[in-house]
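J.: Residues per chain, in single letters:
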Amino acid sequence: MSCDHQLMATHVIALLEGTLPPVLRERCEAVLQHCPHCRDVFAQAQQYRDMATQWQDEEVPRWNRARHLVQPQRRQGNTPWLSWTALAASLAAIFLVVSKTEVSTENGLMISFGGGLGEARVQQLVTAAVASSTAAQTTFIDTRLSEFTEQQTLANRLLYAEWENSTRNERQQELGLLLTGWQSQRFQDQQAVASRLNELTNDQLENNQYLNALMRTVAAPGRNGL
Amino acid sequence: MFTTPSDEMLIERALDGSQRAWVKLVERHERLVFNYCLRQMRNRSDATDLMQDVFLAVYRHLPSYRGEGVFAAWLMRIAVNKTMDLLRTRQRSPQVETDDEAETAMLDWHAPDEHGPAFVYEQNSNNTQIHALLQILPVEQRLVVELKFFQHFTFEQIGVQTGVSVNTVKSRLYASLQKMKDQLEANHVL
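Just so you know, the sequences run in chain order F and V.
Numbering-wise, the first sequence is residues 8 to 233 according to my numbering.
Numbering-wise, the second sequence is residues 4 to 193 according to my numbering.
Calculated directly from the structure, the hints in this document are not laboratory data.
Beta carbons: idealized from backbone N, C-alpha and C, even for Gly.
Please note: incorrect hints may appear among the correct ones.
To be verified - Here are a few chain F residues that face chain V, going by a calculated C-beta distance under 7 Å: (1) D47; (2) V48; (3) M58; (4) V67.
Isolated chain V, as found in the complex (with noise of 0.2 Å):
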């Protein structure tokens, strides 16, 4: 019978140049990388370029893979570094961005789909809402709660994606928490 080829499986075809089976490893795993890049971008189309260039470093990056560990969290390692590195060159670098462009950007955050215009806008509510709770943080503070939360890694695994230590990853989460709480309370209050 037919069986779903494993990751490591695809991984050796694509080493050996198969381009379907690298093409069937992108498709299973696009998603998770994909809405990890829109709660961590400021739009859609970051999002998209970023996903691109995440792919681009693991295909590089294939030959170093040795199987060790599960492959999503060796992608998402790949995912949070290439997200660090874009981050702080943006912020070394700002961009000036008018209201209008950051009108398009919002719009442009709601993407077509498609589903149905009730379920378009549901999930756009959601999750629109979501995206401009996470942009208030940092980018360090954004990425634990990524992790964290929406990942489910647990505070070692974060500290080996990030680079820090345990104690770091905790405070960082927490002074996210604060800060939303601090930001929640300021909303309130206005």
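So that you can see chain F by itself, here it is in the shape it has in the complex (with noise of 0.2 Å):
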């Protein structure tokens, strides 16, 4: 008896649990007599499970269960808000705004502490600061606005000369189809046309035969005498 060792492949674990319908049992059990293979396959089966009832668990060794957590916030200070470099960054702040010191740059930024501009200089720079912005906004506007319009007319001719060129395509090969239907139909009609001619020519011979063939046998009796 030839085994090939596929049932206990798949079954030697529900057969080692017992869980194996009887049928299935039985079979399986069968296999066991006779195939040595599987026979030692089902022992191993067996010996992973007593391993597995012989394992005596180990102590687990002493490590630092909390090692890993978030680490807590530094403990903070009493004051922590009177810190020497808070009271000078305080102390250089409230300088600046007594003395009105203005700082500028070559860029245009000015920064003015304690009040140095006048309300009338502030609201003439910010308005030419907003005018400088709204034209440099307005001419990339049109010009982002001009380019996309550029992009999408072209985009569109291409989509249209490949839509006209698709569809020319397809209008040919229905047009084949069709032409190529029409010709074939002609052809059959004029093979049926030819045919039946063929028929008719021929039943027409058969009549003038037997026709001949009546009058002679009609004229046979008077030539007899009678």
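Now that you have both chains on their own, put them together as the hints suggest.
T.: Encoded structure:
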């Protein structure tokens, strides 16, 4: 009895755990009786099961279980706002405001502490900056709009050309198919007409022969003196 | 009366920042994970490292634990993933190990224990043999044997844990049985 080991390959664990239906279990047990390979495999599965029961859990070595937890925030002092750095920054800011210091760069950036600029001057600067920004934005938008329009026009043309080409090809194919069908039908019709004519001709010939034979038959008694 | 808090309760507290709850949760499951790591790795030191990696990953992914299923199964899924990642990395870049280092690793595997010498000897004897047998198998097959026989998962659960189909799980298990059988036959011949 040959064995391809497939049955045990599929059901060896279920057989070991006793969860196989009776019919399958009987088949597996029959295989075990006849196939040494399957018998060894099943024995190995039993060894795995025994191995698991023989394993004795070992104690976990000491380790820092909270080592990887997020570290708590550093403990802050009683008066954290009174650090020397903050105090120095505050004093510097107060000095700048009191002395009405102005700082300006070549790029037009101007920082004024303590109201060094008048209201009108500020308004003028803001208006100029807004006007400049508006002009720059308008130019930018116009340029982009123009570019976009050109791109879109080109894309539309290409799309239309592609569509036209595609449509033309489809029409040509359809017309070709139609013409082929029409020619085919015409050829079949011609064949049918020719065949019918041939049949009619044959019929006529037969009729003529029959009439000739009949006339000969009718004429024969007269010649015999009737 | 005092009742033992469930895993879910401990997780909730740990997510709220309770270090004590996290430590309690770890203590509850570390024995399972450590012994799993012992069977998967070559020595005790690697097993300890892997266990710590597993719990670090668990801690990082704890907010994504939705409470569906058993926490231990979720934990083992992470453990399996970490094991596969680690062992595959080592396969890609195998470390050269001298005979002395290998011997040291095996000796290191015999752990000191607070129990008596007889207990330690018997425990180490069984566990060492089991460990040596499991080390014969490739990683994927060893994981399937572990999950089926030591963790008692179903084939479907093992498929989910390892990310392969049930048929693949069965094939790997059967291949491991054949490999072990061949190995024992070879030992018998020698």
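J.: Against this structure, judge whether each hint is valid.
T.: Hints and how they fare:
Taking 7 Å as the C-beta contact cut-off toward chain V, the hint placing F:D47 at the interface holds, the least distance being around 5 Å. Given the 7 Å rule on beta carbons, the hint for F:V48 holds: about 5 Å separates it from the nearest Cβ of chain V. Because the smallest distance between the Cβ of F:M58 and any Cβ of chain V comes to about 5 Å, under 7 Å, the interface hint for this residue holds. Hint on F:V67 holds. Least Cβ distance to chain V is approximately 4 Å, under the 7 Å limit.
Violated hints are absent here; each numbered hint is respected by the structure.
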